[in-house]
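Chains as they are written, first to last, in UniProt numbering: chain S, 1 to 182; chain V, 1 to 102.
By construction, these hints were calculated from the structure, which means they are not laboratory data. Since the structure is predicted, the reported quantities are computational estimates derived from the model, not experimental observations. Misleading hints may appear alongside valid ones.
What the hints assert, rightly or not - Here are the simulated lysine to any residue pairs, SDA-like style, with alpha carbons at most 20 Å apart:
#, chain 1, residue 1, chain 2, residue 2
1, S, 24, S, 112
2, S, 159, V, 24
3, S, 159, V, 33
4, S, 24, S, 101
5, S, 159, S, 72
6, S, 159, V, 90
7, S, 89, V, 55
8, S, 130, S, 50
9, S, 24, S, 65
10, S, 24, S, 35
11, S, 24, S, 50
12, S, 24, V, 33
13, S, 159, V, 55
14, S, 89, V, 27
15, S, 24, V, 63
16, S, 24, S, 8
17, S, 159, V, 84
18, S, 24, V, 27
19, S, 130, V, 55
20, S, 24, S, 72
21, S, 24, S, 75
22, S, 159, V, 74
23, S, 24, V, 55
24, S, 130, S, 151
25, S, 24, V, 23
26, S, 159, S, 148
27, V, 89, V, 28
28, V, 89, S, 14
29, V, 89, S, 154
30, V, 89, S, 160
31, S, 159, S, 74
32, V, 89, S, 79
33, V, 89, V, 99
34, S, 24, S, 94
35, S, 24, V, 84
36, S, 130, V, 63
37, S, 24, V, 91
38, S, 24, S, 87
39, S, 159, V, 27
40, S, 159, V, 63
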Amino acid sequence: MEQIIFYILAIVTLIATVLAISEKHPVHAILYLVTSLFAMAVIFYLFMAPLVAAFEVILYAGAIMVLFLFVIMMLDLGHPEKGLSPHWKEWLPSLLLAGISIASLTIVTVSRHASSIVSPVSLPIREVAKRLFQEHGLAVELISLQLLFALVGALYLGKQSSPSPPLRPPSASERRAGGEEK
Amino acid sequence: MIVPLEHILVLAGLLFFLGMAGLLTWRANMIMMLVCIEVMLNAVMLVAVGGSARWGNADGQLFAIFIMALTSSEVSLALAMVVYLHRRKRTVDTDLFSELKG
């Protein structure tokens, strides 16, 4: 039963990914990618990794993709007619290269004898957390530093380069202009 | 472990090379390049989790979580850079950002 669900989810993931990378509209591409990520989260759940599955939904589909959507909508990029989408001939060399790589990978993995299906081993979250904070404590610190650097860098890049005008109460003419706009 | 490891590797390879093909094709659009990089990193996470399930070791899941944290910081920086570049030239076309070309 679980094998069938895995293969169905694999097909859903592949189709959603193909649609995501071939879609000309960036917002539609992000939504297809969210579909792919949900299917991938269920695959992670089937592989006895519920923590990773939850993080996949919360972080990837919930935070990162919404960040993409915010930026696309804020910059007003959702116009495929502006001509940034590739011509179909541009797909040929990249698909050729990717096809060669996929074919070689498939041949190598299939030519070996298939590994036996071992019984599933359930990893409790307690053990995962123990491994994380006891053996990989330095990596956790490095990741936190990396997130701090990313925060500082994003703040620096997002800062307006021109100095903001000093705060002062709006004069009467400006107030009148603002009232007319409303 | 419900399916052989080879099938997981083939699925992850398909996803990874789909992302790579998209990255090579969408090289004029910065947003779609980032989307394709997401697809590739997701395939790497699938390999890590599959290995963790195959050998019953928690390190694969931890690597997947580390990759997720790495991706979130990478995306935040890259999208901040996209906003910055868009503020300068009103476009996300990578071919137009070539002032450093000698």
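- Hints not upheld, ascending by number: 1, 2, 3, 4, 7, 11, 13, 15, 16, 23, 24, 28, 35, 39, 40
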